[in-house]
Amino acid sequence: MTEPGHEPAQRMERLLKQYFPPTSTRPRAALERDLWPAMLRRMEQQSVAVPWFDWALLAALAVCLAVFPRAIPVLLYHL
Amino acid sequence: MPVLEEQSDVLQKFSRGDVDAFEELFRLHQGEVYRWILRIVRDPAAAEDLTVETFWRIHRAHARFDPARSFGAWARRIASNAALDHLRSTRAEIELSDDLPQAPQPDPAISQELRQKTAYAFSRLPPKLKIAATLALIEGQPYQEIADALDISIGAVKLRVFRALRLLRKTLKKQGVEP
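Taken in sequence, the protein lines are chains A and B.
Residue numbering for the first sequence follows the numbering used here, beginning at 1 and increasing consecutively.
Residue numbering for the second sequence follows the numbering used here, beginning at 1 and increasing consecutively.
None of these hints come from the bench; they were simulated from the model.
It is possible that some hints are incorrect.
[Unchecked claim] DSSO-like cross-link-like pairs, simulated, lysine-lysine; straight-line CA separation at most 27 Å:
no.	chain 1	residue 1	chain 2	residue 2
1	B	174	A	17
2	B	170	A	17
3	A	17	B	130
[Stated by the list, open to error] Pair ranges (Cβ atoms, derived):
no.	chain 1	residue 1	chain 2	residue 2	range
4	A	59	B	81	30 to 38 Å
5	A	55	B	177	51 to 59 Å
6	A	50	B	9	43 to 51 Å
7	A	61	B	151	37 to 45 Å
8	B	8	A	67	56 to 64 Å
9	A	78	B	19	34 to 42 Å
10	A	34	B	155	38 to 46 Å
It should be emphasised that the depicted structure is a prediction, and the values quoted were computed from it without experimental measurement.
By construction, the Cβ of each residue, glycine as well, lies at the ideal position given by its N, Cα and C atoms.
Could you put the whole structure together from the sequences, leaning on the hints where they help?
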């Protein structure tokens with residue numbers, strides 16, 4: 001796979017392979033377990049997660065109601 | 001139903017958001033996606049997490065998938081992006097320790113110190129150059145496959161490998177090594 005640089009590139013490639021042997025020669029090169037359960041957990045977590053913007057909106061509303069408590073009946077009337 | 005037609009049916013269903021079709025594609029491609037990510041990040045635990053992250057991105061982007069195209073190639077592109085994000089966020093600095101992974105047959109002409117310095121120089125590479133150099137020089141992947149996975153041209157892959165080599169040599173020279 002050496003193309004750029006030729007001789008020095010080949011030497012560098014040899015050096016790199018000494019420290020980082022190709023993954024095919026290392027243990028756990030292939031997937032040893034089914035990741036579908038982990039995928040399902042991830043999908044469930046994300047489906048119940050509330051976007052950050054919703055939390056920010058809720059916090060802003062709480063602050064508004066704390067500062068202007070008279071707005072509470074008005075808000076309840078409009079709900 | 002012929003295999004190709006069946007596969008096309010699964011891809012159609014997946015693009016419409018069918019979870020059963022997604023599961024079928026997940027089970028079919030998880031091993032290949034894991035191996036591709038492992039080649040880049042070189043850590044089995046991180047590769048497993050990133051495989052799930054890749055399929056999560058795939059699941060979210062199902063509506064953008066064109067069933068007429070290859071699912072495997074699309075998954076590999078998303079996996080490469082997930083791996084790149086991982087490299088950017090970790091920016092792992094390899095400490096110069098004595099506990100180095102050994103090649104199956106260590107080259108006696110290359111000293112331990114030189115190996116350590118090379119590893120250090122490699123860890124300093126920008127993530128985009130590191131991915132190209134890892135896949136091309138260490139894993140020996142064809143340039144065309146790397147280009148497809150990174151969604152760039154073959155010329156751009158060669159340029160990144162060239163820049164990675166130049167940067168490696170520069171860092172090694174700073175450490176007093178003439179590669």
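Cβ-Cβ distance between residue 78 of chain A and residue 19 of chain B: within 34 to 42 Å? holds (39 Å)
Please verify whether residue 17 of chain A and residue 130 of chain B have alpha carbons no more than 27 Å apart. This hinted pair holds, its Cα atoms lying about 14 Å apart.
For the hint 51 to 59 Å, verify it against the beta carbon of residue 55 of chain A and that of residue 177 of chain B. Holds, since residue 55 of chain A and residue 177 of chain B (Cβ atoms, about 52 Å apart) stay within the stated range.
For the pair residue 8 of chain B and residue 67 of chain A, does the Cβ-Cβ distance stay inside 56 to 64 Å? holds (59 Å)
Taking the CB of residue 34 of chain A and the CB of residue 155 of chain B, does the distance hold inside 38 to 46 Å? holds (39 Å)
Has the hinted range 30 to 38 Å been met by the Cβ atoms of residue 59 of chain A and residue 81 of chain B? At roughly 33 Å between Cβ atoms, residue 81 of chain B and residue 59 of chain A fall inside 30 to 38 Å, so the hint holds.
A range of 37 to 45 Å was offered for this pair. Does it hold for the Cβ distance of residue 61 of chain A and residue 151 of chain B? Holds: the Cβ-Cβ distance is about 43 Å, inside 37 to 45 Å.
Keeping to a limit of 27 Å between CA atoms, is the pair of residue 170 of chain B and residue 17 of chain A held or broken? holds (19 Å)
Status of the given 43 to 51 Å range, CB of residue 9 of chain B versus CB of residue 50 of chain A: Violated: the Cβ-Cβ distance is about 36 Å, outside 43 to 51 Å.
Next pair to validate is residue 174 of chain B with residue 17 of chain A; report whether the Cα-Cα distance is within 27 Å. holds (21 Å)
Checked against the numbered hints listed earlier, the structure breaks hint 6 alone; every other hint is satisfied.
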